[in-house]
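Chains as they are written, first to last, in my numbering: chain A, 1 to 139; chain B, 1 to 65.
Derived from the structure by calculation, the hints contain no laboratory data. Because the structure is a prediction, the values reported are computed rather than measured. The C-beta atom is built at its ideal place from N, Cα and C for all residues, glycine as well. Treat the hints with care, since some could be wrong.
Stated by the list, open to error - Covered by chain B, per the in silico footprint, the following chain A stretches (three or more residues, Cβ under 8 Å):
| id | region |
| --- | --- |
| 1 | 112 to 121 |
| 2 | 129 to 139 |
Said to hold, decoys possible - Every beta carbon over 10 Å from chain B, so not counted as near; a handful from chain A, in silico:
| id | residue |
| --- | --- |
| 3 | T19 |
| 4 | I24 |
| 5 | I29 |
| 6 | Q35 |
| 7 | D45 |
| 8 | L47 |
| 9 | S52 |
| 10 | S67 |
| 11 | A81 |
| 12 | A90 |
| 13 | L95 |
| 14 | C96 |
| 15 | L100 |
| 16 | A103 |
| 17 | D107 |
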Amino acid sequence: MSKFRYLAFAPRTFDLLFTIQGAIGFAMIALRTGQVSTVPETAADPLVKAASLAGLVLVAAVVASLSSRIDQKRADDYMFATLTKSAFIAVLAMLCIGLLWIAWFADTFGDLGAVSMLACTMASWSLGYLYTRLRGTTA
Amino acid sequence: MNNRLKVLRAERDWSQAELAKRLEVSRQAVNAIETGKHDPSLPLAFRIARLFDMPIEAIFDDRNA
């Protein structure tokens, strides 16, 4: 194992990265609270909006797939399992957050917004990572 | 899954770091496997078996998991 690979994909490196990511995520949630979401002055063409979103999903999925291949090759067995499990926790958490927000909070507080969604994803991925590092990939 | 990794490592007087180096994984990976917090993938289980020159089922036991 090369020195670079060892340092770049070492558990301690990911611990640091996810600590920073979690701190940024929670800071974004705290700072976003109470801010009104900006609404574009002209209503977007629904077709263009849908096409843009679909394109983004496609590109992001391809990039994420390729980057996961790199992680799988470079990170060791345990770290890759930790990363995938924590990502799975984050995705499930985001689905729950989105659904619960729509069901219970959207009428009172408005839409969640893209920045808040991003912040929640970052925070929940970090919490998922912390849980997996403490309890293991089999918990 | 239960495993005998800690015993086998102790028999050879290897530290977790030394075993990790031989397996080309992190020390945390060895610790997680020894404490049952991580089940290794099949390729890593084969590497472990080869290193100790034993069949996989002599190291890992899924019957009492």
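Comparing the hints with the structure gives:
| no. | hint | verdict |
| --- | --- | --- |
| 1 | 112 to 121 | violated (count 0) |
| 2 | 129 to 139 | holds (count 5) |
| 3 | T19 | 16 Å, holds |
| 4 | I24 | 24 Å, holds |
| 5 | I29 | 29 Å, holds |
| 6 | Q35 | 39 Å, holds |
| 7 | D45 | 48 Å, holds |
| 8 | L47 | 45 Å, holds |
| 9 | S52 | 39 Å, holds |
| 10 | S67 | 19 Å, holds |
| 11 | A81 | 6 Å, violated |
| 12 | A90 | 19 Å, holds |
| 13 | L95 | 26 Å, holds |
| 14 | C96 | 25 Å, holds |
| 15 | L100 | 30 Å, holds |
| 16 | A103 | 35 Å, holds |
| 17 | D107 | 43 Å, holds |
Consistency note: the structure conflicts with the earlier hints numbered 1 and 11.
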